[in-house]
Structure formats: C-alpha cells, structure tokens
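J.: So the sequences go chain by chain: S and W. Going by UniProt numbering, the first residue of the first sequence is number 1, and it counts up by one from there. Going by UniProt numbering, the first residue of the second sequence is number 1, and it counts up by one from there.
Treat each hint with caution, since some may be false.
Unchecked claim - Here chain S is said to cover these stretches of chain W; the calculated rule only asks that three of the stretch's residues, wherever they fall, bring their Cβ under 8 Å from a Cβ of chain S:
hint	stretch
1	33-42
2	79-86
3	105-114
4	117-123
By construction, these hints were calculated from the structure, which means they are not laboratory data. Think of the CB as a built atom: it goes at the ideal place given N, C-alpha and C, for glycine as much as any other residue.
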Amino acid sequence: MRRETLINTVLTLGLLAVPLAAWAMDEPYTITLATKVVILALAGVGLNLALGLGGLVSLGHAMFFGIGGYAAGILASHAQSYDPIMEWPFLIEGTQSMPVIWLLAIVVSALVALATGALSLRTSGVYFIMITLAFGQMFYYFTISWPAYGGEDGLSIYVRDRFPGLNTLDPMHFFGLCFALLMLGLFIVARISRSGFGLALNAARQNEARVRAVGIEPYRLRLIAFVISGAITGLAGALYADLNRFVSPVMFSWQTSGEIMIFVILGGVARLFGPVAGAALFIILEEVLGGVSDYWHIYLGALLLIVVLFARGGLIGLLAGRNGGGGHD
Amino acid sequence: MTESLLDIRGISKSFGALKASDDVSLDLKQGEIHALIGPNGAGKSTLIAQIAGSLRPDSGEVWLEGRNVTHHDTVARANAGLGRTFQISSLAMEDTVLQNAVLGALGARHRVPGVWRPVMRDSDLRATAIEALREVGLEEFAHFRTADLSHGQRRQLEVAVALTLRPHVFLMDEPMAGLGAEGSAILVEFLRNLKSRAPILLVEHDMDAVFQLADRISVLVYGRIIATGSPDEIRANREVREAYLGEEDEE
Numbered sequence: 001m002r003r004e005t006l007i008n009t010v011l012t013l014g015l016l017a018v019p020l021a022a023w024a025m026d027e028p029y030t031i032t033l034a035t036k037v038v039i040l041a042l043a044g045v046g047l048n049l050a051l052g053l054g055g056l057v058s059l060g061h062a063m064f065f066g067i068g069g070y071a072a073g074i075l076a077s078h079a080q081s082y083d084p085i086m087e088w089p090f091l092i093e094g095t096q097s098m099p100v101i102w103l104l105a106i107v108v109s110a111l112v113a114l115a116t117g118a119l120s121l122r123t124s125g126v127y128f129i130m131i132t133l134a135f136g137q138m139f140y141y142f143t144i145s146w147p148a149y150g151g152e153d154g155l156s157i158y159v160r161d162r163f164p165g166l167n168t169l170d171p172m173h174f175f176g177l178c179f180a181l182l183m184l185g186l187f188i189v190a191r192i193s194r195s196g197f198g199l200a201l202n203a204a205r206q207n208e209a210r211v212r213a214v215g216i217e218p219y220r221l222r223l224i225a226f227v228i229s230g231a232i233t234g235l236a237g238a239l240y241a242d243l244n245r246f247v248s249p250v251m252f253s254w255q256t257s258g259e260i261m262i263f264v265i266l267g268g269v270a271r272l273f274g275p276v277a278g279a280a281l282f283i284i285l286e287e288v289l290g291g292v293s294d295y296w297h298i299y300l301g302a303l304l305l306i307v308v309l310f311a312r313g314g315l316i317g318l319l320a321g322r323n324g325g326g327g328h329d
Numbered sequence: 001m002t003e004s005l006l007d008i009r010g011i012s013k014s015f016g017a018l019k020a021s022d023d024v025s026l027d028l029k030q031g032e033i034h035a036l037i038g039p040n041g042a043g044k045s046t047l048i049a050q051i052a053g054s055l056r057p058d059s060g061e062v063w064l065e066g067r068n069v070t071h072h073d074t075v076a077r078a079n080a081g082l083g084r085t086f087q088i089s090s091l092a093m094e095d096t097v098l099q100n101a102v103l104g105a106l107g108a109r110h111r112v113p114g115v116w117r118p119v120m121r122d123s124d125l126r127a128t129a130i131e132a133l134r135e136v137g138l139e140e141f142a143h144f145r146t147a148d149l150s151h152g153q154r155r156q157l158e159v160a161v162a163l164t165l166r167p168h169v170f171l172m173d174e175p176m177a178g179l180g181a182e183g184s185a186i187l188v189e190f191l192r193n194l195k196s197r198a199p200i201l202l203v204e205h206d207m208d209a210v211f212q213l214a215d216r217i218s219v220l221v222y223g224r225i226i227a228t229g230s231p232d233e234i235r236a237n238r239e240v241r242e243a244y245l246g247e248e249d250e251e
C-alpha cells in the first residue's frame, strides 16, 4: 500500500472512530464537532478540485457554500410556515426533505458556477482571484439586504430537515449521513482526477500551451471543473445549514472562502484527503487554542505561514512525501 | 505538382514600426522537409506563432490541407492536423513521461476527455503513447517524472507527443536545440524517416542538420523570405551568403 493511501485510511478510520467513541461515552458535542469536520472537509474537497487539480485560486467558493445553505434554509422556512414558495403558474412548496434540498443546492450551485465561471475563467492569476471574490461578495451583500429571508439576521431551521429512514435529530445518524456524502465526494473527485479529463486539467495547470497544442481547450476543462467543484461545495453548504439549523449571510462572506481555502492548504493542495486533514486540524486548533486564547487565529496564521513556506504538500505531504504526479498510476 | 498540405500565403505582421513578417509565402508538400532558417531576430518565432495559431497575421492567409485556417486558434489547428513541437520544451513537468504522451493521444481523439474512466488504464491510449515513446527511444523512461529527464530527453518527448497526435503536418521549432552532436545525429535520422508519414516544416539553427535533411530551404531575413530552393541552390545563392551564412564561407 502506498504511504498516502495508508494515511488516507487512517484518517478515514479516525474520523469514524472519534464520534463512535463520543457516542459510547455519551458526548454529543464531540459528535457535532466531528460532523462539522466532515462537512467542512466536503466543502474543501469541492474547492480542491478547482484549486489543486485545476490551479484555479477561487476566493469565491463561499458563494456555493452559501447557496447550498440558503437552499436548505429557504425550503425549510417555507415548509415550516406552510407558505408555498410560489403558487402561480404552478405550485412550489417548501420541503424539509434532505434529498430534495441537496438536489436543489447542487443544481443551483452548478448553474451559478457555470455563469460566474464562464466570465471569471476568461481571466487568470490575480484577476481571477479578484473576480471570484467579487462574485462572492455580491451574494453576501445581496443576502444582507434581502429582507424576505431574514436579511442580516439569517434564517433558522427549527427542526433539522429529514432523510427517509433516518432520525436526523440523532447526532450519530446525521454524522453518518454527512460522512457517507464526504466519502461519495472523495470517490467522485478521485475518479475525476484519474480520468482523461483530470489528466488534461492537471496538465493545463502546469502548461497551458501544451494542452492547446494537443488540441484540447483549457477553458472548457476549467469551466467543467469549476462547475463540479461549486456543486460539491454547495452540497456541503446545505449540510452545514442543517448542522447549525441556521443560515446567515456569513456563509457567503469572503472569510468563509478563505477558511475553505485554509483547509485545503493546511491539509495539502491537490491531495485527495488534503481537505479532510485540513478541516480536522482547523477544528482541533479552534477547539484547543480557542479555549486558551480568543486570539487563536494568530497561531493559525503562524501555522499557515509555516505550511506555505516549508511544507507545500501540507499535512498530507509532510506525512506521505512527494506526490507521485497528480494521483495517476 | 503535388498539392501543398500547408500553404502560407503572403503573411504580414507588424509590431509598431517593426515588420516582423513581411509578405511571407511558403508551402509544404507531401513527403518533404522544408527548412526555415534565418539569423536571430529574423522573425522566425513570429512566423511560427502565426502558423500555429497563437498570433493572427495582419494580412495574408494560412491554409492547411486545402482549408483556410487563418481564423482558427491553436486548438482548432491542432485538431485540423497540425502537430507542433516547441522550441523550449513545453510539457507537464510534474507528470510522468507516459502521462505526457497519453495526453497527446487523448487530444488526438478530438473530443472533451471523459471525467470518469481511468485514463492510464485505457489500453488504446497507452498503446499509442508507448509506441510514440519507443519510436523516439524513451520507452524505458516512461515512468520517470518529466522534470527528472535530461534536456535532450525532454526534446525527444516533445517529438513523441507530436507523434501521438498523428498529425498531417509537423511544425518543429528547433527540435535539435541543445541536443549535442550525438543526439542531433539520431534525430536527423529519425526525421528523415518521419517525413514519409507527414511533411515537416523545420525551423532549425543547426546548419549541418538542415543541409543534411531539408528537401527545400527558405531563408528568412528581416521578416522577408529572400530565397527558397534546394540545399545546393541555397548554398550557391549570393544574397543568402551575404545576408546570412556570412563571411566564414567566403574563400
């Protein structure tokens, strides 16, 4: 077994063991923390496809995270108030069914990624960063000033949305659901990065002229990657809303984009399990250092600096050594 | 007269007052190597960029296999059958040698690559890639990281990737650059055999290689083609000797 595969397995088992132990010891807060790690990791897995494989430094992924969150929040709020979203020309009612909410989160995120990506991918480098940032901020200020759904105060989901056959109010059930989706997300990204599309996307990150010269248009590859990436992060946003039973414009803020990027960088850019390791480390630091000092972000900043300067492969890179070339055989 | 596979018709390109390409016409016929030579600053790179599609000429046309591709970009021209190699190796350096070759084979399929099936287990792509690597003598380096290759090996890989495209026309930008005498000799032999598969427009600094290989030579000076002819004609041409080959040849 490759060393990175071993580390990934250990991470997966650890991520399962912590909430199971907490469940046995009846500590629901730890289960909630583990669920938070899983959801944030999924958001990072989405970003990692664009950032790691595609080299697209998107500072706008909060946009998709927020869209997923508001998809959950809006549908749930209409279901809670028995007030249909629209009655004419056909009736659309709110829902508290997770599969429907997820589908909506994924579809809307993908469509928004298609539109924003089509424009922003015409630029590169620092311009791409600024345009994605700007799109994210547009959503942020829009939700703040949109009174229909709570504006600045956000929206509450009084009872967690439901999934057929599970009791989502049980922290362990909800954890299992999120964990399964994270595994699915990782599987999809692993498949994509080993595919012809992944090979070409990764090559376009390294050398755009080469990819053009073999007759493949990098823009199209990047747009597809951006859409899939946005859809995955959008799904994570819907889960996050249900974890907190609350959504607010903060989900759209650029700090959220930055945090998702921090998970990826801490864990290891372009490493399949990088976002998982990064999100876990982030939450552990937040809990441990946050208990010691309100200014724990200073230590996070220092750690980030060390990773960027001395350990480009992040936590996974530090443990597994050099990457064998984009995850291909 | 055989039909030209690649036909450059009166291309001009100016940057401000500088005429980088001045009414350049040249063509490439089936089975030949047509070499383009010229001193530094003659406008070779600008001309290549216009043939490859990364630069649009101000006037003039580029025809590829009877089709006007003047307004096609690099991607469209690659798909239309133009296989180019770069002067400075242009490869995915973090990827393996085999992955670079597979990328070429993937591009030759002329469709957006699939997102689901593992590409390195695609036996057709692999076979094409390995065959190309074998032809240039890189087969045993297939699993090396491209960044770990020597300069000369990267040049070979450039050619291998172009082979995987199964192009109808090769455009080679100084493939011998930095190869050393032995490497050059091998590549000269290789190109001599390759031209029967697809004709080669060869831009090259190595004069020995050019005069050994070329069926025709065009000489570019200050953006203008001052002469086109067989190696013997070019060697005998006074204008070329004055402008380019220099005093060293004068007795």
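J.: Hints first: check each against the structure and report whether it holds.
T.: Now the hints, each set against the structure:
1. 33-42: violated (count 0)
2. 79-86: n = 3 at 8 Å, threshold three: holds.
3. 105-114: Result for this restraint: holds, n = 7.
4. 117-123: holds (count 6)
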